[in-house]
Amino acid sequence: MPLALDSIATAKDDDGIHVAASSPADADTVSMDTMAMELMPSTDVSAAEITTGSDTDNSAAELLLDEIRQLQGQVPPEDIPESRENRRERNLKIVELAARVLELTIADGTQVESFQEGIVQLLEARLQLALAGGDEEVHQLYADVQSLNDRSPVSPEAAEGIYCLARFAHLKARLEAGQNTVWLESFSRWAREFADRFPQQKSRSVALLFGAGRSCELHGLVAQSNNEIQRLMTEARLCYTSLVTTFPDAPETVDAAAVLRRLELPGKPLTQFSGPTATGGYITADDFRDRVTVVYFWDSTNEEFLQLLLPLLHQAEDVANNQLRFVGVNVDADPAECKTCLAARRLPGDHILFTDSDKVGWNSPLVKFWGITRVARVWLIDRKGTVHAVDVRHDQLVTRMRQLFRS
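In case it helps, our numbering puts the sequence shown at residues 2 to 408.
Under the rule of at most 20 angstroms between Cα atoms (straight-line distance), these lysine to aspartate or glutamate pairs were calculated in the EDC-like manner:
| no. | residue 1 | residue 2 |
| --- | --- | --- |
| 1 | 173 | 229 |
| 2 | 360 | 338 |
| 3 | 269 | 383 |
| 4 | 173 | 136 |
| 5 | 94 | 68 |
| 6 | 173 | 194 |
| 7 | 340 | 351 |
| 8 | 173 | 186 |
| 9 | 269 | 291 |
| 10 | 360 | 300 |
| 11 | 385 | 291 |
| 12 | 369 | 357 |
| 13 | 340 | 304 |
| 14 | 173 | 137 |
| 15 | 340 | 300 |
| 16 | 340 | 357 |
| 17 | 173 | 79 |
| 18 | 94 | 83 |
| 19 | 269 | 287 |
| 20 | 369 | 300 |
| 21 | 94 | 137 |
| 22 | 360 | 335 |
No lab work stands behind these hints, which were simulated from the structure alone.
Input sequences plus hints: build the corresponding full structure.
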């Protein structure tokens, strides 16, 4: 059970406290080890920044913080394995020491920085225990964060708590390789709560919103059930929308706005879609009339495209009886690779290919304007030039095309 701060001196090591914290994914699979962003502990409140006050260098709290830092210095390099028990014991010791720091500093206005570092150290240790432990350790992490919020919901320590829960959800999603969408959704919700409550911490808020939005988007593009796709894409939209509206000047907002532009396309006429073709012609969205248009994004090395999507496009072309128009959008980094593939394989339709050095591959104006984050995806446009669907996968293509022809 979490404890009141005034009784923390008697707390055992494993007790909680109660104080009344990218390049586009063009691979065949989404790796949680290369998710959209990397969340690091305490980027706004670092130990180096908050331990320089000479007034507390020799205090009991500072000595305890020094001991915590020494324990952290005992972590072996990543290539050297360490037993779970050693990690657990070290983190439990840090929890104990950090709790004592809080006891010594909570009521001392001259030791605010030591108090804040104690919060940071305690939450980081709790996070590591929760990642390696079970339900009890997770409960203690959440209970500690709730205690910080109950004490002062707008305080720096409350911000540390919410940030810690966002990081925890992100790391859990990585550990489970994105198989449990609950953690991705949790990451999104904590990211939005942090940005809503602590917008003054702009760098953290932007990193959380963009990272959670991109993670949910990328995994939504490969999710297997329609329910998962809908939930993850909803979370992505919410994060991107919050980023665009709250932090319009952030560099990440450009990418977020582009993705939102793409996701909002279904049901709207397609405009601002044009480019030169690999054969010297030019294509615009004005050409997408009178026939159903199949737009597909591809590169010459993507196995999902070559092995799964391309055969379906060939089948559709063979039975279409001139009722379909195919338009490919190539994202190869080298235009020569695109042309080699076109010469060696039968790829349906004309192909938009930018050859200027600043517009090739993922720098294509179409890719950037519409926020394309994966290849081997299809857009379907009806005979009137209205977008029927975007981000259609190979295993969804036949069903979505049937729906379009029936409408």
